[in-house]
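Residue numbers (this note's numbering), protein chains in the order written: chain A, 1 to 254; chain B, 1 to 669.
Think of the hints as simulated: they come from the structure by calculation, not from any bench. Every residue gets a Cβ at the ideal spot worked out from N, C-alpha and C, and that includes glycine.
In silico DSS-like cross-links for lysine-lysine, where the CA-CA straight-line distance does not exceed 30 Å:
| no. | chain 1 | residue 1 | chain 2 | residue 2 |
| --- | --- | --- | --- | --- |
| 1 | B | K319 | B | K395 |
| 2 | B | K395 | A | K151 |
| 3 | B | K156 | A | K151 |
| 4 | B | K256 | B | K653 |
| 5 | B | K384 | A | K151 |
| 6 | B | K588 | A | K15 |
| 7 | B | K378 | B | K319 |
| 8 | B | K536 | A | K10 |
| 9 | B | K319 | B | K403 |
| 10 | B | K529 | A | K10 |
| 11 | A | K53 | B | K529 |
| 12 | B | K379 | A | K151 |
Have a look at the derived ranges for each label pair, beta carbon to beta carbon:
| no. | chain 1 | residue 1 | chain 2 | residue 2 | range |
| --- | --- | --- | --- | --- | --- |
| 13 | A | S135 | B | M144 | 22 to 28 Å |
| 14 | A | N175 | B | K319 | 56 to 62 Å |
| 15 | B | D278 | A | K53 | 18 to 24 Å |
| 16 | B | D201 | A | E24 | 48 to 54 Å |
| 17 | A | T8 | B | K540 | 30 to 36 Å |
| 18 | B | K540 | A | N97 | 26 to 32 Å |
Taking beta-carbon pairs under 7 Å as the criterion, some of the chain B residues facing chain A (in silico):
| no. | residue |
| --- | --- |
| 19 | S70 |
| 20 | A78 |
| 21 | D128 |
| 22 | A132 |
| 23 | S175 |
| 24 | A242 |
| 25 | S276 |
| 26 | S530 |
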Amino acid sequence: MSGDMNVTLKVWRQKNNNDRGRFETYPVQGVSPDMSFLEMFDVLNERLITEGKEPVAFDHDCREGICGMCSMFINGRPHGPLQGVTTCQLHMRSFKNNDTIVVEPWRAKAFPVVKDLAVNRSAFDRIMSSGGFISVNTGNAQDANSTPIGKDNADMAFAAATCIGCGACVAACKNASAMLFVSAKVSQFALLPQGQPERKQRVLNMVAQMDAEGFGSCTNTGACEAECPKGISISNIARMNRDFIGTQLSIQKG
Amino acid sequence: MTSSKLDAKIPDGTLEQKWTKYRSTVPLVNPANKRSLEVIIVGSGLAGASAAASLAELGYKVKVFCFQDSPRRAHSIAAQGGINAAKNYQNDGDSTYRLFYDTIKGGDYRAREGNVYRLAEVSANIIDQCVAQGVPFAREYGGMLDNRSFGGTQVKRTFYAAGQTGQQLLLGAYSALQRQIGLGQVEMFTRHEMLDIVNIDGKCRGIIARDLVSGNLERHFGHAVLLCSGGYGNVFYLSTNAMGSNVTAAWKAHKKGAFFGNPCFTQIHPTCIPVSGDHQSKLTLMSESLRNDGRIWVPKRKEDAADIRSGKLNPNDLKEDDRDYFLERRYPAFGNLVPRDVASRAAKERCDAGFGVNQTGEAVYLDFAFNTKYKYGKKEATKKGIQNPTEAQLKELGQAVVKEQYGNLFDMYQQITGVNPYENPMMIYPAVHYTMGGLWVDYNLMTTVPGLYALGEANFSDHGANRLGASALMQGLADGYFVIPYTVGNYLSKEISVKPIDTNHEAFVTAENETKSRLEKLMNIKGTKSVDYFHKRLGKIMWNECGMARSTAGLTKAISDIQALRAEFWNDVRVPGDINEFNPELEKAGRVADFLELGELMCKDALDRNESCGGHFREEYQTEEGEALRDDQNYNYVAAWEQLTNGDWELHKEVLNYENIKIAQRSYK
Numbered sequence: 001m002s003g004d005m006n007v008t009l010k011v012w013r014q015k016n017n018n019d020r021g022r023f024e025t026y027p028v029q030g031v032s033p034d035m036s037f038l039e040m041f042d043v044l045n046e047r048l049i050t051e052g053k054e055p056v057a058f059d060h061d062c063r064e065g066i067c068g069m070c071s072m073f074i075n076g077r078p079h080g081p082l083q084g085v086t087t088c089q090l091h092m093r094s095f096k097n098n099d100t101i102v103v104e105p106w107r108a109k110a111f112p113v114v115k116d117l118a119v120n121r122s123a124f125d126r127i128m129s130s131g132g133f134i135s136v137n138t139g140n141a142q143d144a145n146s147t148p149i150g151k152d153n154a155d156m157a158f159a160a161a162t163c164i165g166c167g168a169c170v171a172a173c174k175n176a177s178a179m180l181f182v183s184a185k186v187s188q189f190a191l192l193p194q195g196q197p198e199r200k201q202r203v204l205n206m207v208a209q210m211d212a213e214g215f216g217s218c219t220n221t222g223a224c225e226a227e228c229p230k231g232i233s234i235s236n237i238a239r240m241n242r243d244f245i246g247t248q249l250s251i252q253k254g
Numbered sequence: 001m002t003s004s005k006l007d008a009k010i011p012d013g014t015l016e017q018k019w020t021k022y023r024s025t026v027p028l029v030n031p032a033n034k035r036s037l038e039v040i041i042v043g044s045g046l047a048g049a050s051a052a053a054s055l056a057e058l059g060y061k062v063k064v065f066c067f068q069d070s071p072r073r074a075h076s077i078a079a080q081g082g083i084n085a086a087k088n089y090q091n092d093g094d095s096t097y098r099l100f101y102d103t104i105k106g107g108d109y110r111a112r113e114g115n116v117y118r119l120a121e122v123s124a125n126i127i128d129q130c131v132a133q134g135v136p137f138a139r140e141y142g143g144m145l146d147n148r149s150f151g152g153t154q155v156k157r158t159f160y161a162a163g164q165t166g167q168q169l170l171l172g173a174y175s176a177l178q179r180q181i182g183l184g185q186v187e188m189f190t191r192h193e194m195l196d197i198v199n200i201d202g203k204c205r206g207i208i209a210r211d212l213v214s215g216n217l218e219r220h221f222g223h224a225v226l227l228c229s230g231g232y233g234n235v236f237y238l239s240t241n242a243m244g245s246n247v248t249a250a251w252k253a254h255k256k257g258a259f260f261g262n263p264c265f266t267q268i269h270p271t272c273i274p275v276s277g278d279h280q281s282k283l284t285l286m287s288e289s290l291r292n293d294g295r296i297w298v299p300k301r302k303e304d305a306a307d308i309r310s311g312k313l314n315p316n317d318l319k320e321d322d323r324d325y326f327l328e329r330r331y332p333a334f335g336n337l338v339p340r341d342v343a344s345r346a347a348k349e350r351c352d353a354g355f356g357v358n359q360t361g362e363a364v365y366l367d368f369a370f371n372t373k374y375k376y377g378k379k380e381a382t383k384k385g386i387q388n389p390t391e392a393q394l395k396e397l398g399q400a401v402v403k404e405q406y407g408n409l410f411d412m413y414q415q416i417t418g419v420n421p422y423e424n425p426m427m428i429y430p431a432v433h434y435t436m437g438g439l440w441v442d443y444n445l446m447t448t449v450p451g452l453y454a455l456g457e458a459n460f461s462d463h464g465a466n467r468l469g470a471s472a473l474m475q476g477l478a479d480g481y482f483v484i485p486y487t488v489g490n491y492l493s494k495e496i497s498v499k500p501i502d503t504n505h506e507a508f509v510t511a512e513n514e515t516k517s518r519l520e521k522l523m524n525i526k527g528t529k530s531v532d533y534f535h536k537r538l539g540k541i542m543w544n545e546c547g548m549a550r551s552t553a554g555l556t557k558a559i560s561d562i563q564a565l566r567a568e569f570w571n572d573v574r575v576p577g578d579i580n581e582f583n584p585e586l587e588k589a590g591r592v593a594d595f596l597e598l599g600e601l602m603c604k605d606a607l608d609r610n611e612s613c614g615g616h617f618r619e620e621y622q623t624e625e626g627e628a629l630r631d632d633q634n635y636n637y638v639a640a641w642e643q644l645t646n647g648d649w650e651l652h653k654e655v656l657n658y659e660n661i662k663i664a665q666r667s668y669k
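In isolation and in its complexed conformation, chain B is listed as follows (with noise of 0.2 Å):
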């Protein structure tokens, strides 16, 4: 039963009907109100960044926050493949169902239907909206866009911009914020972090940020308050998200009654650069476009690999027959295109079981060697008209297509590995990539706190247990261009008669206050440590237990190690500088002390979870082939937390209705 705490406000009406019955029947807000509401929003990647600009655009007084020092700087901006849209360009089968499916699959059964329809539904108007924003999308000769496929789909609706499509989108979008700032529609406040939210008769009214560079701290009322803070992979230390990344504002909302919903569901990208060293801070992904043609494998033979550990063998002398194509032998059907979640585990079973073939014995090959010569070369040789081309020519033609496709990623991976991989096939393994859980939102993307906002990874709403390659820009554009505009509006309809909230107010007061002494005591420590030194060791824990694979008694201990942990960071750590002044450390300490406690929640919402799916595997619930074992009779549901005021949480259960999709099994094989 879903608790009576959670409505999801999921529309009535068939599938189809939802979101355009909710669009034609919500409540609007008059143009002469939207100029007295004034909405505040935290983070300024793909969906704050487009939601500012569209509200803006509608006539709300905005107010935009972000840590860094311009918002073009946000993560989205690192995304690399691609963008998934159901515009059926190729001709080759998609449709909006086939997207809600592919999704809903590919989330193992986790996600709710009604969401992820409307995702798939506006998916098309993002690329038509980025289009004519000037968003320089590849295009094919005769001028149309062009597509690639990704993970856990069988037809190409992925678009892109060569393996830097985030950065053009997040620039796009960028780009309609700063005409909105210009225009005076949007303030913007750089170098600002969200160190709480103010809630005023059960309404989220407003927060409390710190000016980085001053160090004083301010407040700020909103009639509404949108968090698209991005997700909380930095709590195991190392993986790709940048260094900045953190769960902060979403940890404030939540302590603030905003339940969280799915804590545990995390995604392990299968390909990125392996760990080289103890000196390293973060992980780099290669893009999942790249397993469009490259293909995965390990040697055969446990002697093969142990020889090219030590060096002694050449993995481009392994003959085709030694090569173990595990991914396209296990999953005949989508081969190297498997989702995210199957593939990565998969990787980790041939290195536990000693095939790796990187000196930690952690890495499996991404090899171009044969589409660059079998599917490119052969193809520009063709069109280039030369008959019986040499290897060599194929080779050089093929190259030049794989460097038009991916030639940042080949930089990027040969001036992090030193290696070039032109000549060489790729070393990857898995690493923390991406969360799919996030702050519970309801069809509106409304948290339990009335008038607060959670859009983008910061939510938990469409991915299930495991997010689908080029479905994360989807999702933070979808949200902010296409769903907010709406969705705020059935609120703040109601509230037109409210006047702006003096901050003088008692809450705002007792907010900063709170602020005020938690960052002094975070300085007065004075203790031993460094912030970083914490970090890494609740990294530790959190890969070792929380990671690709849990289990009842890792995750047991995970929960009182972290409580140690986390007591001694507040006995011992040790931040350096002034309070009142540009302090990297004093943030990082914030942001740790916050990733200490949500580490606990993620261990506790893993081990309540006694089930496999998607990107959570627990060992004791495998298949006898080691696939993940759902349980839909008693897991069907969608966990959302509840802090307590004792520390402890809270679980309540959103079940989940499929009325549309039958639930199987997730076969790919």
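Bound conformation, chain A alone (with noise of 0.2 Å):
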């Protein structure tokens, strides 16, 4: 069932993280309203493989915007025009007949292009790594009702896990700062009892790892916010600055 919508595509193509790259048009026919975004690419892809043309390349997986792979630039800005939605999620009744849509990777200098819209988010994996976890070995746990977390913390802890990784706070942002992303996985153990213990030590080592990935630096723009697509809010980056400001002063104290 195909539709009668035509829409014409600027896509970035780069063959590998040593090409140029350069932007390609297309047009495509025959978009139906309830295709999402990355169906529509798909039938992109498929004209370009019947004609001989090598597809685009793009990140997805789940396509239920949870997993966090897709990660296209639409138009200037990540996930496209809606607001709390991903690539995936996005669909063609978002976009008129005729429109002419730029599609781009997410640009950073600490997510490098593998391929047309595919990119390397590993930097986040490994500011993970340096502190994104609470120290507990399997076997450990005590009884899940023994320590009683309020409902407060308990649902802003959980606002700020829902996080996916999916780096649009970077792609959103004019400093390619990775703030958003570090500071919701701090708040999130910030928050929590659970999370006490290693409190100081975590959010050194994250902002430190975060740094050194050549993430750029916060000018609480707000960007970030704005375009994360499950609604991260900018005050876990108050929360973070807080803490990172306040263990290094006690730091220096001692």
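Bring the two chains, given one by one in their own frames, into a single complex with the hints.
Take a look at the structure:
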């Protein structure tokens, strides 16, 4: 069941990390408004394959907005025009017939391009390895209800924990800062009693790793929060800064 | 009689003693020896990540492989509703035995008692472990953990984190994994796909993996290999699985000697967003937890259904008396919370009879209006001291609660369909969701290849012919956190003197060459059709003939159709790009080639099982009321298929012994 929309895509093509890359223009016909943005790319790729051309490489997996793999920079905005929506959950009904749509990969020094629209976000994994955990080995745990956690804190920790690690915050930021991503993880644990023993070291280590990966500084512009598909609040950044500065002061004193 | 090739190795003793005794007597590996033992783990979902973290904590040298760009993307992340555990925090009569019993009965008496009891036993530890890791489960105002109810049970034992429990559990396991990566105990290989296992002297000793960015093939040695690579629902093309979910790792193992257990046992989930068109690339689940509060119905009269389909009638305007709450009508004891297989078949039955409510006629309603107002709205009004609230007030108060419980699901529904589910009943239809079948494993989770294990959805072990909701997360984490750390030690304790085998060993070289020539073959066909073209056709055959209803005639035809399609694929598929670069089409081609073989085995297994049980419904075998009719006399076994050198299969049977549970006709009435 194809539809009657036509769009023109300007897509970033880059064979690999050593290639300079360039935009290519592709008209796509017969688009249904019920198609997701990625399904529209499926249609384009299907056509490119039958024409003997190379399809556009892009990252995607769950197509339910939760795995965080899809990562298209659409008309100058990560994940496109809607708020609170990943690329895979963006549907063509959000566009008009005959629209021209510009699609780029995430652009950040710390996210090198793999091919076309796919980038390497392993910097996020390395930040997690530096402190994004509670050091509890399997088998160490006490009964789950032995530490009551107030609903407010539990809910706030959950809200921070819903980050999908897609990198839209970095792509949206003019400085390519990863503060929203890092602060969401720092906050989740800072809000929970289980996170207290490692609270200070965690924030220092994660911030140090973030800097080492080449992410930029935060200048409180707020683009990250505005573009985050999961609505992660910028107040997490304030919380992280408080912890970071507080920890540094206490260490200097000691 | 159980085949001599299958030994489930269930420990002796009473049901309650088996696992305790096993743990206390299993041979151990001392810490110094653990440092020189290497374990390969394929897949980084709940089973893989939890196994990797736990084994690394014990001191083993671990290598983890995943095809995604980060271990956090594994499809466990998409699980919505919750995770079961026999904590009895609700004081409603839950116990290890009851969880065990519900799981066996839910699986329609086709799972092993020993394995399932162990699963129920360790379920409580999982919740403890996850909370200790900082997993933010939903809580009550008093700070205690909240529970919700799920299908196939009459207690509230499901722990949850809004509609994204899988995400939170996976991020917990991923955190533990990243910690071990940071400590140097785990070496992580992202954007890598396992393309073969390597057997040496009858034992699994490593894998061949492809670096998906460079296209290079790599050889990796391991004293043991753990496949945690998930299920194979994507054989149907349209499913709730992620686009990349595939059977390749399990299938390669199958071709190298691992038997495949109950391949035809597939779970069709009742509450998914209906198919909207041919462009559709995947289907999206609406969590089973919604059946807590949503009531499923179709119009009582066909004329009303027709009017709804043509847009003449708004479902909100249809009177209460004119609605058929068919699950509540047919199954009064469990109502909307019957197990998934039962709910799916009932929805199909109504739609086939002409009562479907969307344009394709393949949808039923999942309606929250009643509970929004009268369950939540009333409760909130009472809490707030509002006397005699108006209908509008009840709706507003109730919607706030519904939003908190299911907000992300409702948003997702609106995104996909363009319809606001707070104001209109959701339209849902069954879709492929999970595969109970998988690699055959014994009590140790070891396959028929020594040293090769399968965990989580990749194995066949715990769910019989139908999995209960919120039990997949439980099984994945049970296997990874609490089972494999003991059982793999049992094997590795005898391997301590085995030095790492040089990957220039002939077996590695041969396996790599075979993998390489297969990839080259795919690239060189240079046909006219895309990989997706074949995948979609395979999916149609599977859905029509090996989906919710199966028959001798349909399955027989499906087998020959799949064989023909497979021949066509190898003759006419076009894989663009180069072999030595990032090439998603080449990845897909390899996976679809494997699905084209698996599909045939699934049909063969379904044809061989002349009974209906759980998700396997053979039209020839049903009761007068249309319920599944089991044949315990002849089919009370696990079907374990061995692939022969000529490409055909031989069936081996593992007879199931029920010593603690009395087998009965499954009834939810």
